[in-house]
Amino acid sequence: EADIYQTPRYLVIGTGKKITLECSQTMGHDKMYWYQQDPGMELHLIHYSYGVNSTEKGDLSSESTVSRIRTEHFPLTLESARPSHTSQYLCASSEFKPGPDTGELFFGEGSRLTVL
Amino acid sequence: SQQGEEDPQALSIQEGENATMNCSYKTSINNLQWYRQNSGRGLVHLILIRSNEREKHSGRLRVTLDTSKKSSSLLITASRAADTASYFCATTPYSSASKIIFGSGTRLSIRP
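Protein chains in written order, with this note's numbering: chain A, 1 to 116; chain B, 1 to 112.
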């Protein structure tokens, strides 16, 4: 059973509000990821982290920011939400493996954001 | 798509039949993974195949990888109603071992 948690599961907010989506994992994984997914569509990588104090932007341009102050915590923040940010946001983590191997991703249940 | 295209986009078959999904990607990879997603939920890892492997099995799943064609296939044998879900391939580019990039997914429906 994966131990990765996202809150809130559902959020409806007005335009211009600042929001933070929380993601925590208890597996001690070094790598964490944020993906954005519209219903029935592909996942887009928006941010990832190798470990504490390391963050990288993914392939999809995003107005969100992330931080990695603790290994277990990888919050995503939108300073000023807009209707175009309406989507599902999925957090995932994996353990570090040396060389070219990639650990499997463990996903949270997602945060579904609606901006009015 | 940013890296992977999956084919078909949607597949509907009778329970008990085999389901085959295909994934094509653009850049050289270290490995390829397949994930399953039930509606509105997070993804669950199914199987990983390394770039130096050609075929891998796990229960009713069979995955093949052809790096010369930059393609992979996922076969689910003896399908069950509970296999209804979306299936995604995910690649780790050779140039970046920490990135994991997903394809567009195949929506599989199993008719009872």
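It is worth saying that the hints were derived from the structure and are not from the lab. The structure displayed is predicted, hence computed values, not measured ones. Keep in mind that a hint or two might mislead.
Said to hold, decoys possible - Computed list of lysine-lysine pairs in BS3-like fashion (alpha-carbon distance at most 27 Å, straight line): (1) A:Lys97 x B:Lys56; (2) B:Lys26 x A:Lys57; (3) B:Lys69 x B:Lys99; (4) B:Lys56 x B:Lys26; (5) B:Lys99 x A:Lys17; (6) B:Lys26 x B:Lys99; (7) B:Lys69 x B:Lys26; (8) B:Lys70 x A:Lys57; (9) B:Lys70 x A:Lys18; (10) A:Lys97 x B:Lys70; (11) A:Lys97 x A:Lys57; (12) A:Lys57 x B:Lys56.
Hint by hint, here is what the structure shows:
1. Taking the CA atoms of lysine 97 of chain A and lysine 56 of chain B, the gap is near 20 Å; set against the 27 Å cutoff, the hint holds.
2. As the CA atoms of lysine 26 of chain B and lysine 57 of chain A are separated by approximately 20 Å, the hinted pair is consistent with the 27 Å bound.
3. Of the pairs offered as hints, the one joining lysine 69 of chain B and lysine 99 of chain B holds, with about 21 Å between alpha carbons and a cut-off of 27 Å not exceeded.
4. At most 27 Å may separate the alpha-carbon atoms for a hinted pair to count; lysine 56 of chain B and lysine 26 of chain B meet this at roughly 21 Å.
5. For the given pair, lysine 99 of chain B sits about 30 Å from lysine 17 of chain A by alpha-carbon distance, which is inconsistent with the 27 Å threshold.
6. The straight-line distance between the Cα atoms of lysine 26 of chain B and lysine 99 of chain B is roughly 14 Å, inside the 27 Å bound, and the hint therefore holds.
7. A distance of roughly 10 Å separates the Cα atoms of lysine 69 of chain B and lysine 26 of chain B; the hinted pair therefore holds under the 27 Å criterion.
8. Of the supplied pair hints, the one linking lysine 70 of chain B and lysine 57 of chain A holds, its CA atoms being roughly 25 Å apart against a limit of 27 Å.
9. As the CA atoms of lysine 70 of chain B and lysine 18 of chain A are separated by approximately 42 Å, the hinted pair breaks the 27 Å bound.
10. Taken as a hint, the lysine 97 of chain A and lysine 70 of chain B pair is honoured in the structure, with Cα atoms around 24 Å apart against an allowance of 27 Å.
11. Distance hint between lysine 97 of chain A and lysine 57 of chain A is fulfilled; the C-alpha atoms sit about 21 Å from each other, no more than 27 Å.
12. Among the hinted pairs, lysine 57 of chain A with lysine 56 of chain B is inconsistent with the structure: their alpha-carbon atoms are about 32 Å apart, more than 27 Å.
The structure shown violates the earlier hints numbered 5, 9, 12.
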